[in-house]
Amino acid sequence: MAPKPNLPVAYEIKSETDLQRVLKRLAECFPLERSPASVQKRVCLDTFDWRLHEGGARLTASTREQETFLRLEVNGGRIECPLHGPALPAFAWDLPAGRLHDLITPLIDVRCLLQLAHLEVREQALRILNSDQKTVVRLTVERTSVTMPEEEDRPLKSVHPMLRLSPVTGYKRATRAVMDFLESELKLVRTRPDPMVRALAAIGRSPGDRRARFTFELDPAMRCDAALRTIHRTLLDTMRLNEDGVRQNLDSEFLHEFRVAVRRTRAALAQVRGVYPRDVVAHFKVEFKWLGSVTGPVRDLDVYLFMMDDYRAELPEALGNELTPLHKHLRRHHRSEHLQLARALESERYQALLRDWQQFLDKADECDPECCPNAARPLAEVASKRIWRTFRGVINQGRAITAETPAEALHRLRIECKKLRYLMEFFRSIHDPKQIGRLIRVLKGLQVNLGDFNDLEVQQGSLERFAIEMSEEGEAPVRCLMAMGRLVDHLYERQKTERTRFSRCFTRFSTSANEKRFRRLFKRRSSRL
Amino acid sequence: MKILATYNIKGGVGKTAAAVNLAYLAAREGARTLVVDLDPQGASTFYFRIKAKRKGGKQLIQGKRNIHAFIRGTDYEGLDLLRARFSFRNMDLQLSDFSKPARRLARIIKPLAKDYDLIFLDCPPSISLVSESVFVAADTLLVPTIPTTLSVRTLQQLGKHLHGGGHKKLQVRPFFSMVDRRKSLHRQICEQPGTKSHTFMEAHIPYASVVEQMGIRRAPLATYARSTPAARAFEALWDEIKEG
Numbered sequence: 000m001a002p003k004p005n006l007p008v009a010y011e012i013k014s015e016t017d018l019q020r021v022l023k024r025l026a027e028c029f030p031l032e033r034s035p036a037s038v039q040k041r042v043c044l045d046t047f048d049w050r051l052h053e054g055g056a057r058l059t060a061s062t063r064e065q066e067t068f069l070r071l072e073v074n075g076g077r078i079e080c081p082l083h084g085p086a087l088p089a090f091a092w093d094l095p096a097g098r099l100h101d102l103i104t105p106l107i108d109v110r111c112l113l114q115l116a117h118l119e120v121r122e123q124a125l126r127i128l129n130s131d132q133k134t135v136v137r138l139t140v141e142r143t144s145v146t147m148p149e150e151e152d153r154p155l156k157s158v159h160p161m162l163r164l165s166p167v168t169g170y171k172r173a174t175r176a177v178m179d180f181l182e183s184e185l186k187l188v189r190t191r192p193d194p195m196v197r198a199l200a201a202i203g204r205s206p207g208d209r210r211a212r213f214t215f216e217l218d219p220a221m222r223c224d225a226a227l228r229t230i231h232r233t234l235l236d237t238m239r240l241n242e243d244g245v246r247q248n249l250d251s252e253f254l255h256e257f258r259v260a261v262r263r264t265r266a267a268l269a270q271v272r273g274v275y276p277r278d279v280v281a282h283f284k285v286e287f288k289w290l291g292s293v294t295g296p297v298r299d300l301d302v303y304l305f306m307m308d309d310y311r312a313e314l315p316e317a318l319g320n321e322l323t324p325l326h327k328h329l330r331r332h333h334r335s336e337h338l339q340l341a342r343a344l345e346s347e348r349y350q351a352l353l354r355d356w357q358q359f360l361d362k363a364d365e366c367d368p369e370c371c372p373n374a375a376r377p378l379a380e381v382a383s384k385r386i387w388r389t390f391r392g393v394i395n396q397g398r399a400i401t402a403e404t405p406a407e408a409l410h411r412l413r414i415e416c417k418k419l420r421y422l423m424e425f426f427r428s429i430h431d432p433k434q435i436g437r438l439i440r441v442l443k444g445l446q447v448n449l450g451d452f453n454d455l456e457v458q459q460g461s462l463e464r465f466a467i468e469m470s471e472e473g474e475a476p477v478r479c480l481m482a483m484g485r486l487v488d489h490l491y492e493r494q495k496t497e498r499t500r501f502s503r504c505f506t507r508f509s510t511s512a513n514e515k516r517f518r519r520l521f522k523r524r525s526s527r528l
Numbered sequence: 000m001k002i003l004a005t006y007n008i009k010g011g012v013g014k015t016a017a018a019v020n021l022a023y024l025a026a027r028e029g030a031r032t033l034v035v036d037l038d039p040q041g042a043s044t045f046y047f048r049i050k051a052k053r054k055g056g057k058q059l060i061q062g063k064r065n066i067h068a069f070i071r072g073t074d075y076e077g078l079d080l081l082r083a084r085f086s087f088r089n090m091d092l093q094l095s096d097f098s099k100p101a102r103r104l105a106r107i108i109k110p111l112a113k114d115y116d117l118i119f120l121d122c123p124p125s126i127s128l129v130s131e132s133v134f135v136a137a138d139t140l141l142v143p144t145i146p147t148t149l150s151v152r153t154l155q156q157l158g159k160h161l162h163g164g165g166h167k168k169l170q171v172r173p174f175f176s177m178v179d180r181r182k183s184l185h186r187q188i189c190e191q192p193g194t195k196s197h198t199f200m201e202a203h204i205p206y207a208s209v210v211e212q213m214g215i216r217r218a219p220l221a222t223y224a225r226s227t228p229a230a231r232a233f234e235a236l237w238d239e240i241k242e243g
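Those protein sequence lines, which keep their order, are chains A and B.
Mapping to numbering that gives the first Met the number 0: the first sequence position 11 is 10, numbers consecutive.
Mapping to numbering that gives the first Met the number 0: the second sequence position 7 is 6, numbers consecutive.
Don't read these hints as lab results, they were simulated from the structure.
It is possible that part of the hints are untrue.
[As the list claims (entries may be wrong)] Short derived list, chain A residues pointing at chain B, Cβ under 10 Å: (1) Arg70; (2) Arg77; (3) Ile78; (4) Cys80; (5) Leu99; (6) Arg126; (7) Gln132; (8) Val135; (9) Gly169.
[Said to hold, decoys possible] What follows is a set of in silico ranges between Cβ atoms, one per label pair, in the way DEER data are often shown: (10) Cys28(A) x His67(B): 23 to 31 Å; (11) Asp488(A) x Gly165(B): 48 to 56 Å; (12) Ile215(B) x Lys40(A): 33 to 41 Å; (13) Ile215(B) x Ser34(A): 16 to 24 Å; (14) Gly62(B) x Glu64(A): 40 to 48 Å; (15) Lys40(A) x Gly11(B): 44 to 52 Å.
Beta carbons: idealized from backbone N, C-alpha and C, even for Gly.
Between the sequences and the hints, there should be enough to build the whole structure, so can you do that?
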């Protein structure tokens with residue numbers, strides 16, 4: 000078994016005076032060699048939702064001798080890679096080929112790299128030597144100043160100096176001795192060794208602070224209206240969080256998460272009935288439906304742009320290359336649709352929607368039980384009943400589907416499954432996490448089949464629509480149309496396969512064991528309460 | 000993980016200088032690098048200011064101790080050393096205790112794959128069971144060759160041996176080492192090596208006192224004589240090796 004990696008240890012030092020005292024004492028007690036200090040400007044990069052940090056990686060860009068370098072620190076190792084030009088990469092596919100690219104790509108996927116902060120790091124390397132003048136412990140004094148990327152003109156904010164100790168493999172005794180000295184003699188306290196996190200804390204940022212949240216901490220006994228407001232407030236926060244990224248079109252995930260929040264808001268409004276006043280529900284249902292529809296076209300185009308590689312791979316190589324005009328068409332339409340979307344987000348209707356919705360959610364008064372019969376009822380009662388009913392609906396609809404049933408019935412079932420899934424996820428925290436998690440997984444299996452069946456149909460329709468649009472715009476070479484036609488055939492074949500798989504997927508979902516599990520979790524609970 | 004071995008049947012041709020300097024350059028670029036000092040003389044161990052041990056070779060070969068326990072960090076980040084043992088002089092005998100002795104070294108090194116991107120095997124001179132193990136374990140054999148008639152002849156002998164011994168996958172990459180441009184024979188052989196079976200790499204390592212000073216400085220060349228022709232030659236050699 001491999002030994003534990005030599006993880007660095009860091010000590011935060013309160014002031015420059017304290018630091019000088021520590022260095023003096025170290026030099027008195029250990030053979031210490033100091034290297035000249037170097038100053039480096041670094042830009043911290045990560046995605047909006049800190050995917051690199053969550054994957055244990057740290058990415059910075061710095062300039063040395065007029066060349067810009069990316070430095071990735073991961074698993075205790077470090078990889079440097081020069082960039083061709085001063086522009087920083089925005090996406091994984093902008094990174095130069097190599098190990099750095101291969102390590103970052105699965106972590107950030109389609110998200111763009113944002114500049115989190117600009118650092119000025121003054122580093123001095125110290126080495127503790129043995130009698131052969133060999134380094135046995137590495138120390139680094141790090142003085143960091145930080146600014147927000149958009150506030151580079153402002154004075155830098157200083158972070159407390161840090162002393163970092165990096166053990167050298169095979170010199171445990173020496174490492175222990177230095178650590179004991181720092182901790183017992185000099186009373187230094189260990190801190191997070193990640194300078195980026197410390198620096199970002201100085202400007203009020205912390206890992207995961209911009210992550211979209213789709214989980215809700217609820218209490219089974221709480222009033223239903225309070226619970227629903229908590230859900231809606233969290234979703235509204237997610238919309239606001241992603242709004243700017245959508246407006247700037249930084250990456251496709253901003254819009255995706257924004258739309259997920261809109262969709263869930265609508266589902267919670269429609270599915271948990273008798274909690275809010277009817278007129279409120281009716282008004283906001285219309286408004287959020289509008290928001291869903293104005294954000295739809297860009298999302299669709301995002302998806303088709305991502306699909307282009309798959310489409311090319313599905314066709315013979317020569318024909319796959321003929322799809323370039325389609326790719327251009329999608330990109331052009333994406334630009335114009337995004338303009339319209341940005342306009343919609345600036346519109347009075349959108350501003351009023353968010354403002355009114357926030358006002359309604361923040362209202363302290365409870366909903367009137369006269370017009371909202373479920374408002375004052377305990378959450379567990381309403382939630383379980385609703386989930387159980389929706390589950391029964393899914394089972395009944397699914398059982399009625401045979402090989403001859405029109406595709407429309409499968410689409411209706413897909414939507415019913417979606418409602419069930421949202422309800423289970425909204426109220427996940429008031430049920431046994433293991434049991435509900437298992438049932439969500441089971442439901443997901445069926446949803447994948449129904450989702451694929453629907454996607455394949457939508458794609459066929461969209462490709463036909465794109466072909467017509469391209470012809471009308473005079474940019475449809477015959478070979479491209481032929482390739483698109485072949486693609487539609489492929490998609491149709493795949494859709495047929497999904498259709499034949501349906502009965503197997505549904506049978507797996509609707510087993511009596513699963514039904515018992517749903518009953519145990521939702522039916523009994525709702526009748527008991 | 001890629002394994003590169005600096006090897007020559009002859010001694011004193013610059014194997015250790017090549018292993019130490021190339022490994023340093025690789026680590027400087029961020030590759031997690033290990034030098035395995037297989038030579039009981041422990042020259043690369045000495046260059047890295049690490050004390051070679053007398054005993055322990057048998058434990059390593061027999062796998063009785065975790066291989067990580069044999070590794071020491073050098074003065075350079077990302078560059079470690081599996082230090083030499085004087086008992087490596089008996090490695091031939093220890094290997095012969097195994098049913099497939101030539102495969103033993105590869106098996107010992109295998110667990111290091113997740114910890115290192117590159118391993119440099121600094122081999123002792125000779126052709127023996129140890130060198131057979133190196134031929135099996137390594138992906139590339141870097142052969143420093145002094146531009147003399149006998150050295151080139153030795154390289155040809157090595158080529159024939161490898162070809163006959165079933166090491167066809169092993170990439171053999173000779174390069175001229177300790178080149179003294181004042182000697183006409185050196186110049187002549189560098190231009191026309193007189194062997195068709197091997198293509199020499201473009202970079203030549205010159206005969207230079209800065210390289211010999213590694214023994215006094217006990218450090219890779221690039222740390223104390225970065226802009227010298229010898230240091231640049233190692234950089235050019237490393238670039239060529241990376242290109243494959």
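A quick look at each hint next to the structure:
For Arg70(A), the interface hint holds, the least distance from its beta-carbon to any beta-carbon of chain B being 8 Å, beneath 10 Å. Checking Arg77(A) against chain B by beta carbon gives a least distance of about 6 Å; that is within 10 Å, so the hint holds. The beta carbon of Ile78(A) is positioned within 10 Å of a beta carbon in chain B (closest approach about 4 Å), and the interface hint is therefore held. Nearest Cβ of chain B to the Cβ of Cys80(A): about 8 Å, under the 10 Å cut. The hint holds.
Checking Leu99(A) against chain B by beta carbon gives a least distance of about 9 Å; that is within 10 Å, so the hint holds. This hint holds: Arg126(A) has a C-beta 7 Å from the nearest C-beta of chain B, less than the 10 Å allowed. With its C-beta approaching chain B no nearer than about 6 Å, Gln132(A) sits inside the 10 Å limit, and its interface hint holds. Contact between Val135(A) and chain B, as hinted, is supported at the beta carbon level, the nearest pair being about 9 Å apart and thus within 10 Å.
The closest approach between the C-beta of Gly169(A) and any C-beta of chain B is roughly 4 Å, which is under the 10 Å cut-off, so the hint is satisfied. For Cys28(A) and His67(B), the hinted distance range of 23 to 31 Å is satisfied, since their beta carbons lie about 30 Å from each other. A hinted range of 48 to 56 Å for the beta carbons of Asp488(A) and Gly165(B) is consistent with their spacing of about 51 Å. For Ile215(B) and Lys40(A), the Cβ-Cβ distance of about 38 Å falls inside the hinted range of 33 to 41 Å, so the restraint holds.
For the pair Ile215(B) and Ser34(A), the supplied restraint of 16 to 24 Å holds, since their beta-carbon distance comes to about 21 Å. The hint said 40 to 48 Å for the Cβ distance between Gly62(B) and Glu64(A), and at roughly 46 Å that hint holds. Separated by about 47 Å at the C-beta atoms, Lys40(A) and Gly11(B) satisfy the suggested range of 44 to 52 Å.
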